[in-house]
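Start from the sequences, fold in the hints, and give me the full structure.
Protein chains in written order, with our numbering: chain A, 1 to 204; chain B, 205 to 586.
The hints are simulated quantities; they were obtained by calculation from the structure and are not laboratory data. The C-beta atom is built at its ideal place from N, Cα and C for all residues, glycine as well. A few of these clues could be false.
Cβ-to-Cβ under 10 angstroms is the rule here; a few derived chain B residues that face chain A [claimed, not checked]:
{"id": "1", "residue": "Arg524"}
{"id": "2", "residue": "Leu526"}
{"id": "3", "residue": "Gly529"}
{"id": "4", "residue": "Ser532"}
{"id": "5", "residue": "Pro537"}
{"id": "6", "residue": "Pro538"}
{"id": "7", "residue": "Ala547"}
{"id": "8", "residue": "Leu548"}
{"id": "9", "residue": "Ala555"}
{"id": "10", "residue": "Thr556"}
{"id": "11", "residue": "Tyr557"}
{"id": "12", "residue": "Gln559"}
{"id": "13", "residue": "Asp561"}
{"id": "14", "residue": "Lys563"}
{"id": "15", "residue": "Glu575"}
{"id": "16", "residue": "Phe583"}
The calculated lysine-lysine pairs, modelled on BS3-like cross-linking and capped at a C-alpha distance of 25 angstroms, are [claimed, not checked]:
{"id": "17", "chain 1": "B", "residue 1": "Lys522", "chain 2": "A", "residue 2": "Lys43"}
{"id": "18", "chain 1": "A", "residue 1": "Lys39", "chain 2": "B", "residue 2": "Lys554"}
{"id": "19", "chain 1": "A", "residue 1": "Lys43", "chain 2": "B", "residue 2": "Lys554"}
{"id": "20", "chain 1": "A", "residue 1": "Lys39", "chain 2": "B", "residue 2": "Lys522"}
{"id": "21", "chain 1": "A", "residue 1": "Lys57", "chain 2": "B", "residue 2": "Lys554"}
{"id": "22", "chain 1": "A", "residue 1": "Lys57", "chain 2": "B", "residue 2": "Lys563"}
{"id": "23", "chain 1": "B", "residue 1": "Lys387", "chain 2": "A", "residue 2": "Lys39"}
{"id": "24", "chain 1": "A", "residue 1": "Lys57", "chain 2": "B", "residue 2": "Lys387"}
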Amino acid sequence: MTKIHAIKRETDLQILGDWIEPGSRVLDLGCGRGVLLEKLRQKKDVQAIGVDIDAEKIEACVRRGLSVYQGDAASFLSLFDESHFDWVILSRTVQELEDPAKVIRGALRAGRKLAIGFENHGYWRNRLADLASGRASHSLTGDTPWPESRPQNPVSVPEFEEFCARESIGILRRVWLAGDWKSPVKRLAPLRAAYAMYAVSKAK
Amino acid sequence: MNDASPEEFIAGQTGEVGLVSWQDFVCAEPFHFENGGKIPSFTLRYETYGRLNAAGDNAILICHALSGDHHCAGIHSILDSKSGWWNNIIGPGKPVDTGKWFVVCSNCLGGCVGSTGPSSVNPETGEPYYASFPLLTIRDMVRAQKKLLDHLGVTRLYAVVGGSMGGMQALQWMIDFPDYVEKVVALATTARQSAQAIAFDAVGRSAILQDPGWNGGRYEPGKGPNVGLSVARMMAHITYLSDQSMEEKFGRSKTEEAGAGKTLFGTEFQVESYLRHQGKSFINRFDANTYLYFTKALDLFDLYTPTGKLEDTFAVVKSRVLVVGFTSDWLYPPEQNRDLVHALLRAGKKATYAQLDMKLGHDSFLVHAPELYRLVGGFLES
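Next comes the structure, spelled out in structure tokens:
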């Protein structure tokens, strides 16, 4: 479990560390215990703010010396002027949001760019697991049985890209990774990508 | 000053600050109040725990709330049944760790527990100030505390920590002395009181002012507007609790007196008996004039001035800030605590908002609360 988490974190850090300019104002929605933000702060000297609803996670962020806000993401975003943040991050958070479209729109207003990473529900192993067992697939996250799981609203690569097209959201960059969360996927991403990370902004 | 030396405590264990005694700091210079008026000199009564380091930069200032005082930890005598009002958070190995930090708490200017206030004698006239004491603000309290810290050799505050009125002081500190304060912990507080909170203060003051014993503020010690003050305290105390906690603690339980069938308008319910006790014990320890001055200071406190935008006021801030709101606090509700952090973050400052789901209302910050200890301890350590 910890190993999988470590790989995921490392993946996010690699990609975002590459994308995010030093000294940027970064907002991480669903920041958890603040590991990603802490690393980004070390690596890129970003001005980091995290948002989470879980008191225990807030406590962990406080121990890391991060600025963190306990509350709802959409209403938090609405408090800031347009383009206040250079980057808003939604790392493996979007599938747990009650109203993802509202949060994404809010993030693209309060932030110049949004980095959004999610596990692709259309990944072949997920499809296979669905077929074989009829159980909700968890792919790499399969460490929490459903009674203890939070509500999930999984998203797939094509669904996300269709949403972007419909909302006139410009895709600046995309990274698709195979089941090992390391090897890039070039073709057939809807089927072959286990993890997808996009950089998007409002279309000019 | 206290008998708790850091070496006596093993890491990870908590201890008590033990026996402590207060001291008086006398500032012989005139003090000019924010809204005009001055006094020729003043005294602040204070306590300290732990040791100030050679650089003078390991001090934590604790700011007390309306009815608090300088005695926030330890005991004055082995016969004391109660320790200082925040003993659960201050001590060796506790979140405000006296093994690491030099902890200072003073009775506010205008107070009635040893610091100069309306009941103190004006050296220029030889009689108490009474209502001639100048109008007092939170900022005045902070400026007086700064004189004390200078006197103690504190070069920089590692942190200022306070709840309610103490939280207001903590916020004022980081605005008035941005280079002097590294961290701020403000609990159950607000940038300005709501109309409802002002209204409660106004009713409390009204009870005092309309008590014939007030006599324009001139009364002998112990003989003042005791009825008015106890009514003010009883009412205010309700605002410090929550509906749920009162229901759980008292419900509709009746007193023995009621059971004996003796009462007409006596103390029928336990909650009445509790409030009467609160009112009665308050008049023995608190001065009515101080109550008037302090509640006025609360009402006047407004960080939205002068521009109407909180982030403008916070533009000067350099401290790292932790604000904690309590879900059941309806006096300074979570929204008002959140607003502080919103404004700080909009202004590009380092600030954290955490909300604790405790049911005891406004006074939640004073009770035993491991989750609060972890937050405050974690923030001070980080």
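_List of violated hint numbers, smallest to largest_ = As far as the earlier hints go, 4, 5 and 14 are violated by this structure, in ascending order.
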